[in-house]
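Trainee: Just so we're aligned: 328 in numbering that gives the first Met the number 0 is position 329 of the sequence shown, and the numbers increase by one with no gaps anywhere.
It is worth saying that the hints were derived from the structure and are not from the lab.
Just so you know, these numbers come straight off a predicted model, no measurement behind them.
There are no misleading hints in this set.
Using 27 Å as the maximum straight-line C-alpha spacing, the simulated DSSO-like pairs for lysine-lysine come out as follows:
| # | residue 1 | residue 2 |
| --- | --- | --- |
| 1 | Lys128 | Lys27 |
| 2 | Lys489 | Lys296 |
| 3 | Lys69 | Lys128 |
| 4 | Lys145 | Lys422 |
| 5 | Lys22 | Lys8 |
| 6 | Lys145 | Lys185 |
| 7 | Lys185 | Lys225 |
| 8 | Lys353 | Lys422 |
| 9 | Lys351 | Lys296 |
| 10 | Lys422 | Lys357 |
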Amino acid sequence: MTSVDPRYKQLFLEIESLFRSTKLPADKWYILAIATIVASSDPERADQLYLHLINQPGHESPSARQALVKRLREALFKSVIIVGVCKPMEAILAISKAERDEDKEYTCTRENWQCDAANHERGMDWFGKLYARNASDTLDLFNAHKDFAWLSREITYGLFLSDRQVLDDVDTQMVVLPAIMTQNLKTETHWHIRGTRRLGLSREEVQVVWDCVQRVARFHGVTLDKVPTVEEVEADINWHQETFTMGKRKELKDNDVEMGGTGRPVEDDESDEEMDMVNVDFEWFDPQPTVDFHGLKNLLRQLFDADSQIFDLSALTDLILAQPLLGSTVKVDGNESDPYAFLTVLNLQEHKDKPVIKDLTSYLQRKASSNPSLAPLSELLSQSPIPPIGLILTERLINMPAEVVPPMYSMLLEEIAWAIEDKEPYNFSHYLIVSKTYEEVESKLDMEESRPQKKKKKSGSNVERFFFHPEDEVIERHAICSGSIEYTHKHDEGLSDSKRAFQDLGIKTSGSLILVDGPKLEAAVKEVTDYLKPPV
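Model the full structure from these sequences, guided by the hints.
Mentor: Here it is, written out as structure tokens:
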């Protein structure tokens, strides 16, 4: 068997080493390498990569080598739409010459392909993940040349790039970005650096990708002097990380937000305890399906409290994660860490046939009908078909400062506006916010420590309602109706003592529902932002 050129072996070891410095899976580096090689002036040198790989641990058997060549072949097939057919053909023929007979893989992935509605939907879904709010504007560039718009939708993204039989999302971007970048294309490289960031790769990881492409390109004598840097593209991402990590996050840090309550300072006469100040950098992210499932499910369980057992929280979490460009999470240790807070919206009309939404809508209607102050909500939820109500779900860890909330609401309004521009079903007639309140109850235990009271509000009776989320009190001023609901599953008596926050009293939690007319949410969010503005 032909040996690997030592220069190529050194190149591949360097690229692999750079990838190991990231959290990217170990099998991504060689997809980048083959895409860059095939876009260079020596596509036939793809055989060097193949020969290098089959001599690495894990590729000792024919079946392992067949799986490897299937991945390489799919990368070359996808690159056809980026660099044209001839160079990928040169590459696959070179690999074929290096293959042993027992290693050849004879399957075909596109044999039964149809340019149908499923192909269109799959392609546009992938296109939307990469381009997000820029999707419509990008396709509009071809309004006077509609054949190219059709080509992008049905062939580039439908046939080539959205097929997931062999390569996953990140694999695909390890083909597309390097193949475009190696051609020294400024605009398209910008688009796909931005798209790769939106896919969830960190800025540092994309920088490694950029560096590796440059290294492989230089090795093949290709100068990339037109492509933008990762830093230059960062300002155009327009996602949570860019909009608020660089702005609102800095504001929170500079104003020393306290981890506790709403972040407002506690007066000396309210507590005898020494309050330690903890400065934390908060980051806002799109929901990440591969990372956030368990964290979001736990926050949903906390939100629905005693009645969380009624619902299929796994299905509800999956539904939230199925719309990753809508809603946000707050984290303190990067995109791969667990969310400490989240906010999202679900369309009760659009998802009315999903079992978890059926259960949730029925539950909310029953609870609203039991409280006269929620009569307008009960009537709305009883309509058939149900109106386009946006169900806002939001929860956070108990010690998260309330100042993280206004950015989440502001971003949600922006994302809804972008979705409406893209003709997606987010033009809501009303918003229904599910939250929690509590009231004080007599405790049977002595309380040794004195703690500050949270903001409270009197309901129609003599019982005082306290808000877990201080923003709810502000939003209620803009509501059509609002009120507390009793949980179906009651807590035992001892639990109120375990949740004591006051000197002599325990607490009893209740659900809270707030119905807001669609156009009025923006004004409510503005008032929340003013109310929770960090102290100066």
